[in-house]
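*Asks:* Positions 27 to 189 (our numbering) are the ones given, in order, by the sequence shown.
Calculated directly from the structure, the hints in this document are not laboratory data.
Hints are not guaranteed to be accurate.
[Said to hold, decoys possible] Straight-line alpha carbon distances no greater than 27 Å define the calculated DSSO-like cross-link-like pairs of lysine-lysine that follow: (1) K66 to K98; (2) K28 to K98; (3) K33 to K98; (4) K66 to K28; (5) K33 to K66.
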Amino acid sequence: MKVIFRKYGGSLHWHHPARLLGEDAHGVWVGCEAGTTGAKGDGPLVVWERAFVMLFPRNEWWVALFNDEGHKLDVYVDVTTVPEWGDGEVTMVDLDLDVVRTREGRVFVDDEDEFADHQVLLGYPPEVIVQAESAAAALTRAVTDRLAPFDGATHLPYLSQVR
27 MKVIFRKYGG SLHWHHPARL LGEDAHGVWV GCEAGTTGAK GDGPLVVWER
77 AFVMLFPRNE WWVALFNDEG HKLDVYVDVT TVPEWGDGEV TMVDLDLDVV
127 RTREGRVFVD DEDEFADHQV LLGYPPEVIV QAESAAAALT RAVTDRLAPF
177 DGATHLPYLS QVR
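Can you build the whole structure from these sequences, using the hints too?
*Replies:* Here is the structure:
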């Protein structure tokens, strides 16, 4: 299958292959083994050195990535439009805001400046801005408080399938 992130307006952002791993109460899980390649837009291929899994929730404005051990980031959550499935791919619009947890446990919101710039440059509608800000606030609390699926364990059965 293919994971395709776009930017508001439709331009291609990050995209890469992934393997469907399963589904649970949190959503659909896909994974990538170490050595998987992806690209940002039409840029050069990037090779990811470590395995990771991604969670695509149902009817939520985010996509979560859980890295294997050895990566400096534990959890990386992109605030996006609700992921849409079809024809062997999942697609969503990346809305810039990211909620990140490092291996040391520090949680922060990244790319707030890019979010502010793109509101003007890409013309985010007011309802998209409100949804993105609301999702980022709720995710910051959930990731900080280590609520499932951000508890450090929920993703492990899926990650074990791509290690």
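*Asks:* Now tell me, hint by hint, if it's right for this structure.
*Replies:* Here's how the hints hold up against the structure:
1. K66 to K98: holds, 20 Å
2. K28 to K98: holds, 25 Å
3. K33 to K98: With a Cα-Cα distance of about 26 Å, the restraint between K33 and K98 holds, given a limit of 27 Å.
4. K66 to K28: holds, 14 Å
5. K33 to K66: holds, 11 Å
Of the numbered hints given earlier, the model fails none.
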